[in-house]
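Take these sequences, add in the hints, and give me the full structure.
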Amino acid sequence: MNIEMSRFMELLPILIPLIAIEAGLLLYGLIHVLTHKNYKCGNRLIWVLVVCLFSIVGPILYIILGKEDSASRDDDFE
Numbered sequence: 019m020n021i022e023m024s025r026f027m028e029l030l031p032i033l034i035p036l037i038a039i040e041a042g043l044l045l046y047g048l049i050h051v052l053t054h055k056n057y058k059c060g061n062r063l064i065w066v067l068v069v070c071l072f073s074i075v076g077p078i079l080y081i082i083l084g085k086e087d088s089a090s091r092d093d094d095f096e
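In my numbering, the protein residues as written are 19 to 96.
A couple of the hints might just be wrong.
Derived Cβ-Cβ restraints for the label pairs, each shown as a range [claimed, not checked]:
id	residue 1	residue 2	range
1	Gly-60	Met-27	37 to 45 Å
2	Tyr-46	Glu-22	27 to 35 Å
3	Ile-21	Asp-87	29 to 37 Å
4	Ile-82	Glu-28	44 to 52 Å
5	Asn-20	Asn-56	49 to 57 Å
6	Val-66	Glu-22	31 to 39 Å
Bear in mind the hints are in silico, worked out from the structure with no lab data behind them.
We treat Cβ as the ideally placed atom computed from N, Cα and C, and that holds for glycine.
Spelled out as structure tokens, the structure:
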């Protein structure tokens, strides 16, 4: 048991930043998906599922493939 806890404590400095990055990407991706109505491909439901289900990769996929450039989208606040 002490060996497992020792190993966990060794990995903690790596895990904390990864968890913070994952949480930040998830929040950014979800907020962006839910506040915008135009996407390069797909629809809102697909992107919410991708962002939520595919951990770190999902939000990055959304940023690369789904997020429409702000210059080419209509204003959502009209």
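Each hint, compared with the structure:
As the Cβ distance of Gly-60 to Met-27 is approximately 42 Å, the hint placing it in 37 to 45 Å holds. Under the hint 27 to 35 Å, the C-beta atoms of Tyr-46 and Glu-22, about 34 Å apart, fit the expected range. For Ile-21 and Asp-87, the Cβ-Cβ distance of about 51 Å falls outside the hinted range of 29 to 37 Å, so the restraint is violated. Hint check: Ile-82 to Glu-28, Cβ distance near 33 Å, so the stated range 44 to 52 Å is violated.
Checked against the given bound of 49 to 57 Å, the beta carbons of Asn-20 and Asn-56, roughly 54 Å apart, stay inside it. Separation of Val-66 from Glu-22 is about 36 Å and conforms to the stated range, judged on CB atoms against 31 to 39 Å.
The structure does not agree with the numbered hints 3, 4 stated previously, though it agrees with the rest.
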